[in-house]
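In order, the protein sequence lines correspond to chains A and B.
The first sequence lines up with residues 1 to 351 when you count with my numbering.
The second sequence lines up with residues 1 to 288 when you count with my numbering.
If you are wondering where the hints come from, they were derived from the structure by calculation, not from laboratory data.
Keep in mind it's a predicted model, so treat the numbers as computed, not measured.
The beta-carbon is built from N, C-alpha and C at its ideal position, and this holds for glycine as well.
Watch out, some of these pointers could steer you wrong.
[Claimed, not checked] Quick list of simulated restraints, FRET-style, between CB atoms:
id, chain 1, residue 1, chain 2, residue 2, range
1, B, 96, A, 165, 45 to 51 Å
2, A, 60, B, 33, 42 to 48 Å
3, A, 191, B, 65, 28 to 34 Å
[As the list claims (entries may be wrong)] Simulated pairs of lysine-lysine, DSSO-like, Cα-Cα distance not exceeding 27 Å:
id, chain 1, residue 1, chain 2, residue 2
4, A, 108, A, 266
5, A, 206, A, 156
6, B, 181, B, 280
7, A, 149, B, 130
8, B, 130, A, 206
9, A, 156, A, 201
[Stated by the list, open to error] Some, not all, of what chain A presents toward chain B, calculated at C-beta under 7 Å:
id, residue
10, 72
11, 172
12, 173
13, 209
14, 210
15, 335
16, 343
17, 349
The primary structure of each chain is shown beneath.
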Amino acid sequence: MRYGSPTRRSVLAGAAAMAASIAMPNVVRAAPRRFIIGTNGGVSYEAFYNAILRHLEQRHNVEVVPVFGGGTELMNRILAERARPTLDCVVTFQGGWLIGKAEGVLEKVNYNNIANIADVPEFLHDPDGYAPYVNLGAWGIVCDTSAIKVPPRSFKALWDPQYHNKLMIGGISHWQITLAAMSHAWTGDQHNIDVAFQKLKELAPKLAGFYGTTSDALTKFQQGIASLATWYSYTAHKAAQEGMPLQFIFPEEGAFLYPQAYHAVKGTQNVDLVEKMIGLIYDPELSIAYARSDGYIPCSRRAVLPDDLKGKILSFDQVLRSNNWDWKFTTANQGAWLTRWNAEIRPLMRG
Amino acid sequence: MRTIGRPWGPYIVLALPTTFFLALVAWPLFLLLRMSLSVPERGRVFGVGLSFDNYAEVFTNPIFLETLFVTFRIGCWVSVCTLLLGFPLAIFIWRSKTRVRALVLFITLAPILVSVVVRAYGWVVLLSNKGLVNSFLLYFGIIDRPIRFIFNETGVIIGMVHVLLPFMVLSILSSLHSIDKSLEDAATTLGATPFRVSIDIVLPLVIPGVVAGVILVFILAVGSFITPVLLGGQVVMTLPILALQQFQTTFNWALGSAIAMVLLAAVLGMTLLFERVMRKRLLKGVGR
Chain A
1 MRYGSPTRRS VLAGAAAMAA SIAMPNVVRA APRRFIIGTN GGVSYEAFYN
51 AILRHLEQRH NVEVVPVFGG GTELMNRILA ERARPTLDCV VTFQGGWLIG
101 KAEGVLEKVN YNNIANIADV PEFLHDPDGY APYVNLGAWG IVCDTSAIKV
151 PPRSFKALWD PQYHNKLMIG GISHWQITLA AMSHAWTGDQ HNIDVAFQKL
201 KELAPKLAGF YGTTSDALTK FQQGIASLAT WYSYTAHKAA QEGMPLQFIF
251 PEEGAFLYPQ AYHAVKGTQN VDLVEKMIGL IYDPELSIAY ARSDGYIPCS
301 RRAVLPDDLK GKILSFDQVL RSNNWDWKFT TANQGAWLTR WNAEIRPLMR
351 G
Chain B
1 MRTIGRPWGP YIVLALPTTF FLALVAWPLF LLLRMSLSVP ERGRVFGVGL
51 SFDNYAEVFT NPIFLETLFV TFRIGCWVSV CTLLLGFPLA IFIWRSKTRV
101 RALVLFITLA PILVSVVVRA YGWVVLLSNK GLVNSFLLYF GIIDRPIRFI
151 FNETGVIIGM VHVLLPFMVL SILSSLHSID KSLEDAATTL GATPFRVSID
201 IVLPLVIPGV VAGVILVFIL AVGSFITPVL LGGQVVMTLP ILALQQFQTT
251 FNWALGSAIA MVLLAAVLGM TLLFERVMRK RLLKGVGR
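One chain only, chain B, in its complex shape:
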């Protein structure tokens, strides 16, 4: 009888990404955690000892808490706006059978092909007080003074929605493509209207893609740095900017690390909570 050896193949295949993860993600994260638990020493970069002072500073300083709130508020707005724009776009791309489909898909994904910095400056040119949009509105007498679109939260949200829309569309689109068309045909054969088919068949099946898209966009939005700096005009303060200020201008790596760890923990917590709530709803839907 021929003996079959232990299947080492999968382990070998997994070894490379695992090593990569441990060396380049887990180890730096551990260093960041260790640094955040050190005592900052005046005039020196690396802290010493073991202390929770940096976390106490983060949670007792109203600036940090306000910034955490602003960061999450921006993340939520960006997620909602990308969902509202991305869902119909994804449905259109999925349903469309003409050449327009390729064009719409290209336009949707085009932002990925352009640098974030270039995109941000593009928005500055379009939306600043002397930008194209305000000039147009002023010229036609629609407004009598420029609207301040950028260098505030609105500007940051506009820029981020543009940057992150492709991630939402792709995520929803991948769910839509996995839907078996025969399910729709069966429902139609049984007398369901197109609206009922969309609500009872398509929507429940596309929810996992929506959840994945919302989580992905939210994580990318709260961790974003360049767009908030350039379109927020340094008036809008988010946690990544606050962390960078500690690293780059005051050389306080310990406090900067604590801010980064708080951001990481908060994002993980919110993501898990959202995913759990959505999964429960989904299971309830399936049960129904």
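Only chain A is shown next, with the shape it has when bound in the complex:
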């Protein structure tokens, strides 16, 4: 049997085949993991991606696939998909995640796997072992400083005649938190809802209007339809970044904390990625960058706000002086409140 002598081509081909066979496992290993995350869209996502998700992709070889929606919309989605979930992680607000826990569609996380968690105060941990709070915002008074020369310093001041026809409050949503906050402002207890209804009945005919979505509120500020709103610190911050003369006012009664959490969806294989992402959000350096772009209060004790952000982002001292909504109470009663709101408050608005 005769064998041909090895040619240069056959040697090179053999070497290439050997290199490919050695490298293949690494190539396979290098394929990024897909991480499907339900989160807020638009400029919020842009800021979130640049401050946090970009680092998650780079450091942990992940491909983030966003699915956009609001908190309740995404919670409804994972409830509807409970038999066959398509999301790994979902952003929720406090009322939503109580529903998610009750319905068993959320997965617990291991706090030992979350980087920087030691620097996060205990009250931001979930008592049942689900994801801790991130995206800490506050709900208070937002003022258009170009139109209001003497801003109100408390929720109660919103009843002052000088603010008549200037204030807008949440209409289609946010009505339940408005009720609880006004109950707290007038009685010191957020559970006295009858008092809140009574006070809001006085205020409703003097309101400039209701707002629905964030863009709706922004349009009404821009059009001069309203120059005051009971609204969020981070949305005011983002609008101010865009050049709108909006300022968040921390009311004397204390603002209300409005935290969000990125929860792992029940059944996901990527709980570890959720833990890694939360760890990045708590990273002092990244959380400052995130605060700068999206207005969220850094949750880490080690995150020190630079001078240019002081006064624009709420300090941790203000966070500690803020109130928490009783979401269990709200969730249990909001059905009845909604009927009353539609019957008693909405018709008093000027149409």
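Since the structure of chain A is provided, determine the placement of chain B on it from the hints.
Frame of chain A, contents of chain B only:
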């Protein structure tokens, strides 16, 4: 003799849309119906058991009934206004033989090319208290304080008429195009004036298009969500908004589903009634 097999072609062609309808329309509707008949459980989304409580809640709560009435009132106004604007527009487009026809047709259909949200915000910019229209009227002293055009029912109707006008025009136009021109010529030859031709020949033949347009616009108007939210300022409450509040803010899917089913049934009922009445009138007209 050559045997011809059973004509399976039409069935195969029908299979795809039927499957589509059953999977994506009928099945979700059945789920909605089932959900509306469940007992809502506090703190949980999906109800349990079988109950008519949600329907009892809908029909005994004055807010729901008032909202149903407001929704239908808006639907009727929008249908009437689009008909009043759309009918002459369609006639003009049909009759016109100049280049203006293409321009008018483009302007009429242009709203379809723009997002509903953008259109609604466009109206906010135009009609708000500090908007262009009020600024113009105030500047020329025609009014001494701004007119509240939006964030009330008027605003919702204005916005919806703009959104839905193309549907009315297209519907009427399709009927007009099916009219045989020789009928008009015959009537004219027999001495009928243009007015008589319009009333006795064109109008009866265009009625099916008008009926279809009114039904289409009414259905779209009562089911509309974005325009009423943005131009009604959440002061104007319609059934879709009420249903969404139950789904999105209180997570009461059972009650939200019941509201959606009531809306669906009411729209179907009104549409069938309107269609039947109009058909009787038409048949009477043909008999005459």
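Do the hints match the structure? See the list:
1. B:96 x A:165: 45 to 51 Å: holds (48 Å)
2. A:60 x B:33: 42 to 48 Å: Holds, at about 45 Å.
3. A:191 x B:65: 28 to 34 Å: Roughly 31 Å apart at Cβ, these two residues keep to the hinted range, so it holds.
4. A:108 x A:266: holds (8 Å)
5. A:206 x A:156: holds (14 Å)
6. B:181 x B:280: holds (26 Å)
7. A:149 x B:130: holds (20 Å)
8. B:130 x A:206: Roughly 18 Å separates the two Cα atoms, so the pair holds.
9. A:156 x A:201: Holds, because 14 Å separates the two Cα atoms, which is no more than 27 Å.
10. 72: holds (5 Å)
11. 172: With a minimum Cβ separation of about 5 Å from chain B (threshold 7 Å), the hint on residue 172 of chain A holds.
12. 173: holds (5 Å)
13. 209: Where the cut-off is 7 Å and the nearest Cβ of chain B is about 5 Å from residue 209 of chain A, the hint holds.
14. 210: With Cβ-Cβ at 4 Å, under 7 Å, it holds.
15. 335: holds (5 Å)
16. 343: holds (5 Å)
17. 349: Result: holds, 5 Å to nearest chain B Cβ.
Going through the hint list in order, the structure satisfies each hint without exception.
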